[in-house]
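Residue numbers (my numbering), protein chains in the order written: chain A, 1 to 269; chain B, 270 to 537.
Just so you know, not all the hints are guaranteed correct.
Said to hold, decoys possible - The list that follows gives simulated cross-link-like pairs (lysine-lysine, BS3-like), each with its CA atoms no further than 30 Å apart:
#	chain 1	residue 1	chain 2	residue 2
1	B	357	B	301
2	B	301	A	131
3	B	421	A	161
4	B	357	A	164
5	B	316	B	357
6	A	5	B	275
7	A	164	B	421
8	B	360	A	3
9	B	357	B	271
10	B	421	A	85
11	B	421	B	528
12	B	421	B	519
13	A	3	B	301
14	B	421	A	3
15	A	161	B	519
16	B	271	A	5
17	B	271	A	83
18	A	85	A	164
19	A	3	B	423
20	B	360	B	423
21	B	301	A	161
22	A	161	A	85
23	B	423	B	275
24	B	519	B	446
25	A	85	B	519
26	B	423	B	446
27	A	3	B	446
28	B	519	A	83
29	A	85	B	275
30	B	519	A	5
31	A	161	B	271
Hints were generated in silico from the structure; no laboratory data involved.
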Amino acid sequence: MKKLKVFSAPYLVWMIVFIVVPLLMVAYYAFTTDSGAFTIKNISNVGQYANIFVRSIWLALVATVICLVLAYPVAYLLSRMEKHKQGTMLLIVMLPMWMNFLLRTYAWMTLLGNNGVINHILGFVGLGPYKLINTSGAVVLGMVYNYLPFMILPLYSVMEKIDKSVIEAASDLGCSSGGVMLRVIVPLSLPGITSGITMVFVPAISTFIISRMLGGGSNLLIGDLIEMQFLGNAYNPQLGAAISLVLMVIILVIMTVMNQFSPDDQVLI
Amino acid sequence: MKRLGKIYFALILMFLYVPIFVLIVFSFNETKSRSVFSGFTLEWYAKLFQNRIIIHSLVNTIIIATLASIISTVLGTLAAIGINSMRKVPKAAVMNITNMPIINPEIVTGVSLMLLFVFFAARMNFEFGFVTLLIAHITFDVPYVILNIMPKFKQMDPNLFEAAQDLGCSPMQAFRKVILPEIMPGVISGFLMAFTYSLDDFVISYFTSGSTSQTLPITIYSMTRRKISPEINALSTIIFIVVLVILVVKNFVENRAAKNNSFKGERA
Chain A
1 MKKLKVFSAP YLVWMIVFIV VPLLMVAYYA FTTDSGAFTI KNISNVGQYA
51 NIFVRSIWLA LVATVICLVL AYPVAYLLSR MEKHKQGTML LIVMLPMWMN
101 FLLRTYAWMT LLGNNGVINH ILGFVGLGPY KLINTSGAVV LGMVYNYLPF
151 MILPLYSVME KIDKSVIEAA SDLGCSSGGV MLRVIVPLSL PGITSGITMV
201 FVPAISTFII SRMLGGGSNL LIGDLIEMQF LGNAYNPQLG AAISLVLMVI
251 ILVIMTVMNQ FSPDDQVLI
Chain B
270 MKRLGKIYFA LILMFLYVPI FVLIVFSFNE TKSRSVFSGF TLEWYAKLFQ
320 NRIIIHSLVN TIIIATLASI ISTVLGTLAA IGINSMRKVP KAAVMNITNM
370 PIINPEIVTG VSLMLLFVFF AARMNFEFGF VTLLIAHITF DVPYVILNIM
420 PKFKQMDPNL FEAAQDLGCS PMQAFRKVIL PEIMPGVISG FLMAFTYSLD
470 DFVISYFTSG STSQTLPITI YSMTRRKISP EINALSTIIF IVVLVILVVK
520 NFVENRAAKN NSFKGERA
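Please take these sequences and the hints and turn them into a complete structure.
Given below as structure tokens:
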């Protein structure tokens, strides 16, 4: 099989040019001025946006927790269904995810708008109108709606593999149904929990579309900040690269922490 | 307890589907209102099909997704074969780098490629457009192809390749007749995954497309930025129905295949 190594040559070239070099360029831009001299000013300037970082981490965290709380029972119920039903039900749960996320987020613009469906319905019962869109709550809602399937899927795929006889054994040995949940199902689904958390948290902390469409101008997130430095009015790729670098470090730290909770051989993505 | 579970499941499904159904209902609405349904019309569908920008970007999206997924399937299949025969340390290094575009937030991948393209655009005199978009798509597609194929090697007997050669196959024949059939399911699922990711991608395309070559998600984005256009509702309805049909057919085919397999299993 050794001769087959050469097969990977075209990809290795591609990988170096289009994965490694671009990431090195992010690091290079983050540590240089626009004339190319070394500086740490870009990185220290990121500190001015601490409030945006705190907001992004907070909103992503809230959305992740809500996703976990909502998704856990869904995944559990799915995994306990009869086998032939599971495939179809999983399909129904995952179907909305196949729509482009811009359209899914746009749908919430329709629902939450000041003249939107929800305010209109509330108007009939004499309530509101409430300011629903352009709030941080709307941003969290958009995150939960878009990323909930990312939490359900890894949880389900772990729970589905839990041997039913293990659960029966636990209750035969005197575990209450709450005890079975806490002592058997939750520990066994831990790899699903950690990979679900990363699969929701990473896109949530770096989004710029959800905040722009549902958060108005007042709920800037890290993603918006980066986008503005590259394609917006605030054109400053050096600062943008520095912010991207800090974002990568934050995510790396969180993923390392998450992996601590996962058994070694079961680290998913 | 069981009933409570059913109610909860139904509520979650409502949460997932109500927004989409609202879009579908309002795609048939006579006025541009997003809250009052005043009468039935197919006007927005007619307008959608006359909208050159949307049709053009749809065609562009399909071309890019097709090219990117084919190229990345070839590149990724060869890469997986090569990586599989590497020693442990270089193998781990290559796989770690391959995982980067999957682990990194999309915006970082998009921005990093944009920096690369800006650097070369200034020096080699080319513009952002079809080529940069295609390169970006291949770059985020290949890792998915590789990750779909690698597990197939684990299931394969490593001696098969040499056995085929001992029995008179040339290395090329052994590759075609032994390795390729073994990894084919991974190649196909990798291709499909790459294709759907390409069709759906917005963030990376947004940073690497320029103004000459737009994909459908980028056009959708600029439509949502402007005033309310019920054409988006019509487009969503069509996309929802297309996805629904594809997934139902896929589910049906898979169920039948599973049944056939279990039948064969019983006979054997």
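Exercise. Are the Cα atoms of residue 161 of chain A and residue 271 of chain B separated by 30 Å or less?
Worked result: It holds: about 21 Å lies between the C-alpha atoms, which stays within 30 Å.
Exercise. Has the given pair, residue 519 of chain B with residue 83 of chain A, been kept, meaning a C-alpha gap of at most 30 Å?
Worked result: holds, 18 Å
Problem set entry | Proposed proximity, residue 421 of chain B with residue 164 of chain A (alpha carbon, max 30 Å) | Distance ~28 Å between residue 164 of chain A and residue 421 of chain B Cα, so the pair holds.
Exercise. Does residue 421 of chain B pair with residue 85 of chain A here, judged by a C-alpha cut-off of 30 Å?
Worked result: holds, 28 Å
Exercise. Has the given pair, residue 271 of chain B with residue 5 of chain A, been kept, meaning a C-alpha gap of at most 30 Å?
Worked result: Given pair residue 271 of chain B, residue 5 of chain A is violated - Cα atoms ~55 Å apart, limit 30 Å.
For this session: Starting from residue 271 of chain B, check that the Cα of residue 83 of chain A is at most 30 Å away, please.
Result: Holds. Residue 271 of chain B to residue 83 of chain A sits at ~17 Å (cutoff 30 Å).
For this session: Compare the distance between the alpha carbons of residue 519 of chain B and residue 5 of chain A with 30 Å, and conclude whether the hinted pair is satisfied.
Result: violated, 36 Å
Exercise. Is the hinted pair residue 85 of chain A and residue 275 of chain B satisfied, with a Cα-Cα distance of at most 30 Å?
Worked result: holds, 14 Å
Problem set entry | residue 3 of chain A paired with residue 301 of chain B [C-alpha distance capped at 30 Å] | Violated - the C-alpha atoms of residue 301 of chain B and residue 3 of chain A are around 64 Å apart, more than 30 Å.
Exercise. Do the alpha carbons of residue 301 of chain B and residue 161 of chain A lie within 30 Å of each other, as the hint requires?
Worked result: violated, 49 Å
For this session: Verify the proposed pairing of residue 3 of chain A with residue 423 of chain B, using a straight-line Cα cut of 30 Å.
Result: Measuring from Cα to Cα gives roughly 18 Å; hence the hint holds.
Exercise. Is residue 316 of chain B close enough to residue 357 of chain B, meaning Cα to Cα at most 30 Å?
Worked result: It is violated: about 58 Å lies between the C-alpha atoms, which goes past 30 Å.
Figure legend: structure checked against the earlier numbered hints; hints not met, in rising order: 1, 4, 5, 6, 9, 13, 16, 21, 23 and 30.
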